[in-house]
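Engineer: Build the full structure now, drawing on both the sequences and the hints.
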Amino acid sequence: MLKVIAACGSGMGSSQIIKMKLEKVFKKLGIEANIYHTNIGDAKSQAANYDVVVCSDSLIGTFANAAAKKVIVIGLKNLLSEKEIEEKVLAKIVNAQ
Amino acid sequence: MEFLMPVWEFFQNNILTKPQFFIGFIVFIGYLLLQRPIYEAIAGFIKAVVGYMILNVASGGLVGNFRPVLAGLKDRFDLSAAVIDPYFGQAAAQASIENAGRSFSMMMVVLLIAFSINILLVLFRRYTKIRTLFITGHVMVQQSSTALWLVIFCFPQLQDMGVVCMLGVLLGTYWSVGSNLTVEPCQQLTEGGGFATGHQQMFGIWIVSKIAGKIGNKEKSLENLKLPGFLSIFNENVVATGILMFIFFGVIITILGPELMHKIDPSFSANQSFLFFIIEKSFNFAVYLTILQLGVRMFVSELTESFQGISSKILPGSMPAVDCAATYGFGHPNAVTFGFLFGALGQFLAIIGLIVFQSPILIISGFVPLFFDNATFAVFANRLGGLRAAAIIPFVSGIIQVLGGGFAAYFFTTGNFGGWHGNFDWDTLWPVIGVIMNYGQYIGVVAVILILLAIPQIIYYRSKDTYFLIAEDYDQYLEVMEQKKRSAEKLEVTAQKV
Numbered sequence: 807m808l809k810v811i812a813a814c815g816s817g818m819g820s821s822q823i824i825k826m827k828l829e830k831v832f833k834k835l836g837i838e839a840n841i842y843h844t845n846i847g848d849a850k851s852q853a854a855n856y857d858v859v860v861c862s863d864s865l866i867g868t869f870a871n872a873a874a875k876k877v878i879v880i881g882l883k884n885l886l887s888e889k890e891i892e893e894k895v896l897a898k899i900v901n902a903q
Numbered sequence: 500m501e502f503l504m505p506v507w508e509f510f511q512n513n514i515l516t517k518p519q520f521f522i523g524f525i526v527f528i529g530y531l532l533l534q535r536p537i538y539e540a541i542a543g544f545i546k547a548v549v550g551y552m553i554l555n556v557a558s559g560g561l562v563g564n565f566r567p568v569l570a571g572l573k574d575r576f577d578l579s580a581a582v583i584d585p586y587f588g589q590a591a592a593q594a595s596i597e598n599a600g601r602s603f604s605m606m607m608v609v610l611l612i613a614f615s616i617n618i619l620l621v622l623f624r625r626y627t628k629i630r631t632l633f634i635t636g637h638v639m640v641q642q643s644s645t646a647l648w649l650v651i652f653c654f655p656q657l658q659d660m661g662v663v664c665m666l667g668v669l670l671g672t673y674w675s676v677g678s679n680l681t682v683e684p685c686q687q688l689t690e691g692g693g694f695a696t697g698h699q700q701m702f703g704i705w706i707v708s709k710i711a712g713k714i715g716n717k718e719k720s721l722e723n724l725k726l727p728g729f730l731s732i733f734n735e736n737v738v739a740t741g742i743l744m745f746i747f748f749g750v751i752i753t754i755l756g757p758e759l760m761h762k763i764d765p766s767f768s769a770n771q772s773f774l775f776f777i778i779e780k781s782f783n784f785a786v787y788l789t790i791l792q793l794g795v796r797m798f799v800s801e802l803t804e805s806f807q808g809i810s811s812k813i814l815p816g817s818m819p820a821v822d823c824a825a826t827y828g829f830g831h832p833n834a835v836t837f838g839f840l841f842g843a844l845g846q847f848l849a850i851i852g853l854i855v856f857q858s859p860i861l862i863i864s865g866f867v868p869l870f871f872d873n874a875t876f877a878v879f880a881n882r883l884g885g886l887r888a889a890a891i892i893p894f895v896s897g898i899i900q901v902l903g904g905g906f907a908a909y910f911f912t913t914g915n916f917g918g919w920h921g922n923f924d925w926d927t928l929w930p931v932i933g934v935i936m937n938y939g940q941y942i943g944v945v946a947v948i949l950i951l952l953a954i955p956q957i958i959y960y961r962s963k964d965t966y967f968l969i970a971e972d973y974d975q976y977l978e979v980m981e982q983k984k985r986s987a988e989k990l991e992v993t994a995q996k997v
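Residue numbers (the working numbering), protein chains in the order written: chain A, 807 to 903; chain B, 500 to 997.
No lab work stands behind these hints: they were computed from the structure. From a predicted model like this one, the values you see are computed outputs, not experimental measurements. Check before you lean on any hint, since a few could be wrong.
Unchecked claim - Within a straight-line C-alpha distance of at most 25 Å, the following computed PhoX-like cross-link-like pairs (lysine-lysine) qualify: (1) B/546 to B/717; (2) B/713 to B/984; (3) B/713 to A/809; (4) A/830 to B/984; (5) A/883 to B/717; (6) B/812 to A/834.
Structural biologist: Printed below as a string of structure tokens:
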């Protein structure tokens, strides 16, 4: 079971959109995952407890430390594009294993 | 029918006038209607009720933490004060509504009616020209709260039923028309990203998309700029709020002085240093804001999820209108910081102006409008008008936010509870709607709704052939635009020959 956290500025709007889109993509690809969503500060301090962090491209710098600890960090340009999410999930999670 | 009275009274006393249970049951029934299993419905019920109760603790905390400072300002300078921020605004609206002896439960009914109106307007889009469904749950909660207070303020005699129906239609119209306005700017920015903005500055985005190209030059973009690294700490909500509140309350409390604070604030113990009292007081706001957001997140995530389900199930071809931060990925990270900085500059300047010209109300910058509105404007402005537009527009927006918010907090008296909604549309469009409602009464409300509904019609008549295409098939839209451009050039050439 993959542990995933979606993050955005205030942890209210965008991160939940990411979460809902991720759920769809994971279901399609047959990946089992627990997905949470929260704000960027929270996500930064908890990132090490997760397998994957997903956020907007503009916030990806926040997770440099987590990425160094082998947490998979995915930055998205279009948070609503299932196509982009699927491509990046395939590249960073499925094919990387 | 006699026997129904006690049942109704029980319902009214325990559920209808208790927002936490009312919202809980709405979520519960919603889950059952969506045919989710009963245990999920119960879990949803508990999360909604607990979420709301958390929110209540935080709203009370925000207003309570502010109260001694407000009292001090009143006492010493005959000033009232408001933080312009949607969470402070929501807390102040709730306090105002309850202070007027009305139930805050109505907020949830308003939200549901307004959302239904949006669905209806999209369903009949052939006639209404509305292409977007507003699904940003937490913003819907905040706006329903503030707008509910506006209506109760303007129509104190109106019964609950009348209030929720009238406001539901008005707010639903605003959600539909406002988000629909952002379709073109968002598609241009995201190159057909397939979403619109459903947030607090939708009219603002539209205005920016109209003026940014005229203000600056998009070739001179801010991508080449190197911004100092320390600015990244403002990405974190708690840090940014802590700093902002420390600056503002530091100055205010220092001016009020330790003597007065000892008298009016029992939380200032005799042996505590003044500096650490100020720090504690300022950071308390960050504490309550974090709690408030936790509560909102808990009960709103249930809502947003079902809204998203509805939008993809029953409204194919409509465009979801989502949080403004969804656009940030399409702008350079510099744009977001730039907007925040110049917005802050504008706000601070305007606040100094308020003090110099002895305004009866003092405005305190809140993080959400300062950051989210102005960062959004900068992202759009940079794309269309480069560096210059991305500096000037957020700067002017900051000034407008303070002046508009100050007027609204004063006129609609939420300054008594220390807050106003404060996002761009709520510093411009909504105070105007409020004033029209206040003086025009029912005629005013009808007029506002009709004017709002006319906006998509006008845009439609200006671009009939591409109006729906841009939302449904962006590539084909580009093709049509290209063809149009070519035939226009041809015309010009023949005209020159003649």
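Engineer: Does residue 809 of chain A lie within 25 Å of residue 713 of chain B when you go C-alpha to C-alpha?
Structural biologist: Violated: residue 713 of chain B and residue 809 of chain A sit about 47 Å apart, past 25 Å.
Engineer: Measure nothing beyond the straight line between the CA atoms of residue 883 of chain A and residue 717 of chain B; if it is 25 Å or shorter, mark the hint as holding.
Structural biologist: 21 Å, holds
Engineer: Is residue 546 of chain B close enough to residue 717 of chain B, meaning Cα to Cα at most 25 Å?
Structural biologist: The hint is violated at about 47 Å.
Engineer: Measure nothing beyond the straight line between the CA atoms of residue 830 of chain A and residue 984 of chain B; if it is 25 Å or shorter, mark the hint as holding.
Structural biologist: 39 Å, violated
Engineer: With a cut-off of 25 Å on the C-alpha distance, tell me whether residue 713 of chain B and residue 984 of chain B pass.
Structural biologist: 20 Å, holds
Engineer: Run the distance test for residue 812 of chain B versus residue 834 of chain A: straight-line Cα separation, threshold 25 Å.
Structural biologist: 18 Å, holds
Against the hints set out earlier in the document, violations occur for numbers 1, 3, 4.
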